[in-house]
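Student: Residue-level listing of the chains:
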Amino acid sequence: MLAEKYAAEIENILAKYPPDQKRSAVMPLLYLAQREDGYVTKEDMAEIGGILGITSTDVASIVGFYTLFYDQPEGDIRIQVCNDLPCALRGADEFLEQLCENLGVKVGGTTQDGSVTVEAVMCLAACDKAPMFQVQSGEGIAYHENQTVSSALEAIEALRKKEALA
Amino acid sequence: MSDLILLRHRQIPDLNQLDVYRQHGGFEAFQKAVTTMNPYAVTDEVKDSGLRGRGGAGFPTGLKWTFIDTENWPHYVVANADESEPGTFKDREIMEGNPFQFLEGVALAAYAIEAAEAYVYLRGEFWQIADQLDRQISELEAAGLLGDKLFDTDYSLRIYTHLGAGAYICGEETALLESMEGKLGQPRLRPPFPPSYGLYGKPTVVNNVETLTNVPLIITRGADWYNSIGTEKSTGPKIFSLSGRVNKPGNYELPLGTTFRELIFEHGGGIPDGRQVKAIMAAGASSSLIIANDEALDTPMDYESVPNVGAQLGSASIIVIDDSVSIDWVLRKTLHFFSHESCGKCTPCREGTFWMKHIIDRVHQGEAAWSDVELLNEVALQIKGKCLCALGEFAIEAVTSGIQRFEPDFRAKVSESSDEDELLVESEKA
Chain A
2 MLAEKYAAEI
12 ENILAKYPPD
22 QKRSAVMPLL
32 YLAQREDGYV
42 TKEDMAEIGG
52 ILGITSTDVA
62 SIVGFYTLFY
72 DQPEGDIRIQ
82 VCNDLPCALR
92 GADEFLEQLC
102 ENLGVKVGGT
112 TQDGSVTVEA
122 VMCLAACDKA
132 PMFQVQSGEG
142 IAYHENQTVS
152 SALEAIEALR
162 KKEALA
Chain B
21 MSDLILLRHR
31 QIPDLNQLDV
41 YRQHGGFEAF
51 QKAVTTMNPY
61 AVTDEVKDSG
71 LRGRGGAGFP
81 TGLKWTFIDT
91 ENWPHYVVAN
101 ADESEPGTFK
111 DREIMEGNPF
121 QFLEGVALAA
131 YAIEAAEAYV
141 YLRGEFWQIA
151 DQLDRQISEL
161 EAAGLLGDKL
171 FDTDYSLRIY
181 THLGAGAYIC
191 GEETALLESM
201 EGKLGQPRLR
211 PPFPPSYGLY
221 GKPTVVNNVE
231 TLTNVPLIIT
241 RGADWYNSIG
251 TEKSTGPKIF
261 SLSGRVNKPG
271 NYELPLGTTF
281 RELIFEHGGG
291 IPDGRQVKAI
301 MAAGASSSLI
311 IANDEALDTP
321 MDYESVPNVG
331 AQLGSASIIV
341 IDDSVSIDWV
351 LRKTLHFFSH
361 ESCGKCTPCR
371 EGTFWMKHII
381 DRVHQGEAAW
391 SDVELLNEVA
401 LQIKGKCLCA
411 LGEFAIEAVT
421 SGIQRFEPDF
431 RAKVSESSDE
441 DELLVESEKA
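The listed protein sequences correspond, in order, to chains A and B. To convert, count from 1 in the first sequence and add 1; that's the working numbering. To convert, count from 1 in the second sequence and add 20; that's the working numbering.
The hints are simulated quantities; they were obtained by calculation from the structure and are not laboratory data. Errors might be hidden in some of the hints.
Stated by the list, open to error - Some chain A residues judged to face chain B by a derived CB distance under 10 Å, without partners named:
#	residue
1	Phe-66
2	Asn-103
3	Val-106
4	Tyr-144
5	Ala-165
Said to hold, decoys possible - Listed below are the simulated EDC-like cross-link pairs for lysine to aspartate or glutamate, each with C-alpha atoms no more than 20 Å apart in a straight line:
#	chain 1	residue 1	chain 2	residue 2
6	A	Lys-17	B	Glu-201
7	A	Lys-130	B	Asp-293
8	A	Lys-17	B	Glu-198
9	A	Lys-17	B	Asp-293
10	A	Lys-17	B	Asp-154
11	A	Lys-43	A	Asp-21
12	A	Lys-130	B	Glu-201
13	A	Lys-163	A	Asp-72
14	B	Lys-268	A	Glu-146
15	A	Lys-130	B	Asp-342
Unchecked claim - Using C-beta positions, here's what the derived DEER-type ranges look like:
#	chain 1	residue 1	chain 2	residue 2	range
16	B	Asp-151	A	Lys-6	35 to 43 Å
17	B	Glu-116	A	Tyr-40	25 to 33 Å
18	A	Asn-103	B	Ala-410	36 to 44 Å
19	A	Asp-21	B	Pro-368	29 to 37 Å
20	B	Asp-293	A	Gly-105	30 to 38 Å
21	A	Gln-22	B	Trp-245	39 to 47 Å
22	A	Thr-42	B	Asn-247	53 to 61 Å
23	A	Val-150	B	Asp-172	42 to 50 Å
24	B	Glu-48	A	Gln-22	31 to 39 Å
All C-beta atoms, glycine included, are put in the ideal place defined by N, C-alpha and C.
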């Protein structure tokens, strides 16, 4: 239960918004829920709906609309490569292709050990430092910029080790 | 190198530390405003400065503030830090390098419209920046620069951060407000505009990060000083985000009115591999494709001049395309983006971007006839002027200008010999 585990954090989140506008807290609470397993469970949605006085269908619609929320488990580490126009002009498509080849996955797929998912995502506001990717994990989102395939593979290996220890 | 105004952190080390920012005059403007100025006087100064919105629309900032409904309370300021336009990466640098000047700008806007609460809406990917801003806001509260009864006056102000979760559309101000209210990020019907009906239905000013970051120095140094930078109608400095096929991509703070040539060749170091510049997008992926001839290269980058070469300055996100790139590939990239990011509310945009994506895929793969290119153009024109917000309009800028101005690139991709109708039918089946 989120309410027990993150009582203080939930209180801080709710305090940001007017008392009659609790619904504003839905996205911050979804981030909390996702911290644990990298995705939002049906139980989480029901609980968040309960806290905010909205239905779990309302909460699910938010999960469905926004790309950073997930309702299915994937790899613990999500490698999200931007290959939009400015990044692609700096080689992001080739970078993504070679990265996937090296990891033995297709774009959108997860490595056999279930640890790493590689995705192509939309612009991350780092166009001058392409090729780049962000890592989304329970700890948040971190940028890796000016990458080569080998520097990316090194970074991913380090994340895998860290995740294995956790 | 002249003194920077927005990217001051490049010249002043550790400007993201509050004590350093204060040593360089930080929060003097806010203190001066709260203790000696009427809120309307702050708005007047900004109005006189000629500052225009840096998020893309270029609307006069001070004028926007005067629209706030004073019959309906409370008022809110929302800083738009959703920076998601492909090719735009300026607000991120400001918030990382010069966060206190941005926050002081938020505070001044709040004082000007008599708001006691302000929110910074950041795109979800800016998680670490939001975390830093939270700490910096706490420091400001501890220093008595934010919080209750500031500088022994009756004015109180809180600033909060709010993270989005990956939706380009939330950069549109009414979609942003919906999102802040915990709803789907879909635009509202306007009017009413946010200054009369904004966050929680209350009068709200939504301003871009870069816009707000201009405000402290306008208050400290005055509108006349600000007016002396840039052109007559496009005053002040602008951060140009330069990306694509240039040797030195990055943010460049230059006066409005600097030419494309100066940005791309002097600051950006020209085009790599001895290539020629072929096309320029001035407003990120939302831009028309400008033919990069001498006339275009010598055009000043300001709100009035860029339309002379058939485009808009927008957020000044300059994407450079060289002569090794075929324009159909550029459209494929932008259409995949807009199709993904259409919020789905308005049918012409939702369906139009979807079908344009499929047609351009066929064109790009050499499986289309010229009639498909014409169909693409037709679908684009069907979106024009039929939606609640500008996303659909943005999606077709590159399509219609690309087909019109770079026709040979499309001719080269389509089959001339095959029977056109048959080809279309075949690919529909596939």
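Student: Look at each hint and say if it fits the structure.
Tutor: Verification of the supplied hints:
1. Hint status for Phe-66(A): holds, given a least beta-carbon distance of 5 Å to chain B, under 10 Å.
2. About 24 Å separates the beta-carbon of Asn-103(A) from the nearest beta-carbon of chain B, more than 10 Å, and the hint is not met.
3. Hint status for Val-106(A): violated, given a least beta-carbon distance of 20 Å to chain B, over 10 Å.
4. Taking 10 Å as the C-beta cut-off, the interface hint given for Tyr-144(A) holds, the closest approach to chain B being about 8 Å.
5. With its C-beta approaching chain B no nearer than about 23 Å, Ala-165(A) sits outside the 10 Å limit, and its interface hint is violated.
6. About 12 Å separates the Cα atoms of Lys-17(A) and Glu-201(B), which keeps this hinted pair within 20 Å; it holds.
7. Of the supplied pair hints, the one linking Lys-130(A) and Asp-293(B) holds, its CA atoms being roughly 18 Å apart against a limit of 20 Å.
8. Among the hinted pairs, Lys-17(A) with Glu-198(B) is consistent with the structure: their alpha-carbon atoms are about 16 Å apart, no more than 20 Å.
9. With a CA separation close to 52 Å, the supplied pair Lys-17(A) and Asp-293(B) exceeds the 20 Å bound.
10. This hinted pair checks out: Lys-17(A) and Asp-154(B) have alpha carbons roughly 12 Å apart, not beyond 20 Å.
11. In summary, the hint linking Lys-43(A) to Asp-21(A) is not supported, as the alpha carbons are separated by about 25 Å, beyond the 20 Å threshold.
12. A hinted pair counts as satisfied when its Cα atoms are at most 20 Å apart, and Lys-130(A) with Glu-201(B) does not qualify at roughly 33 Å.
13. Proximity of Lys-163(A) to Asp-72(A) is assessed by CA-CA distance (about 24 Å); at most 20 Å being required, the pair is judged violated.
14. Between Lys-268(B) and Glu-146(A), the direct Cα distance comes to roughly 15 Å. Compliance with the 20 Å bound is thereby established for this hinted pair.
15. A hinted pair counts as satisfied when its Cα atoms are at most 20 Å apart, and Lys-130(A) with Asp-342(B) qualifies at roughly 18 Å.
16. Taken as a hint, the range 35 to 43 Å is violated for the pair Asp-151(B) and Lys-6(A), whose Cβ atoms sit roughly 20 Å apart.
17. As the Cβ distance of Glu-116(B) to Tyr-40(A) is approximately 29 Å, the hint placing it in 25 to 33 Å holds.
18. For the hinted restraint 36 to 44 Å between Asn-103(A) and Ala-410(B), the CB-CB distance of approximately 40 Å keeps it satisfied.
19. Asp-21(A) and Pro-368(B) have their C-beta atoms about 36 Å apart, which keeps the hinted 29 to 37 Å range intact.
20. For the hinted restraint 30 to 38 Å between Asp-293(B) and Gly-105(A), the CB-CB distance of approximately 32 Å keeps it satisfied.
21. Checked against the given bound of 39 to 47 Å, the beta carbons of Gln-22(A) and Trp-245(B), roughly 40 Å apart, stay inside it.
22. The hint said 53 to 61 Å for the Cβ distance between Thr-42(A) and Asn-247(B), and at roughly 56 Å that hint holds.
23. For the pair Val-150(A) and Asp-172(B), the beta carbons lie near 59 Å from each other, so the given range of 42 to 50 Å is not met.
24. In this structure the supplied range 31 to 39 Å holds for Glu-48(B) paired with Gln-22(A), their Cβ-Cβ distance being about 34 Å.
Hint violations for this structure: numbers 2, 3, 5, 9, 11, 12, 13, 16, 23, all remaining hints satisfied.
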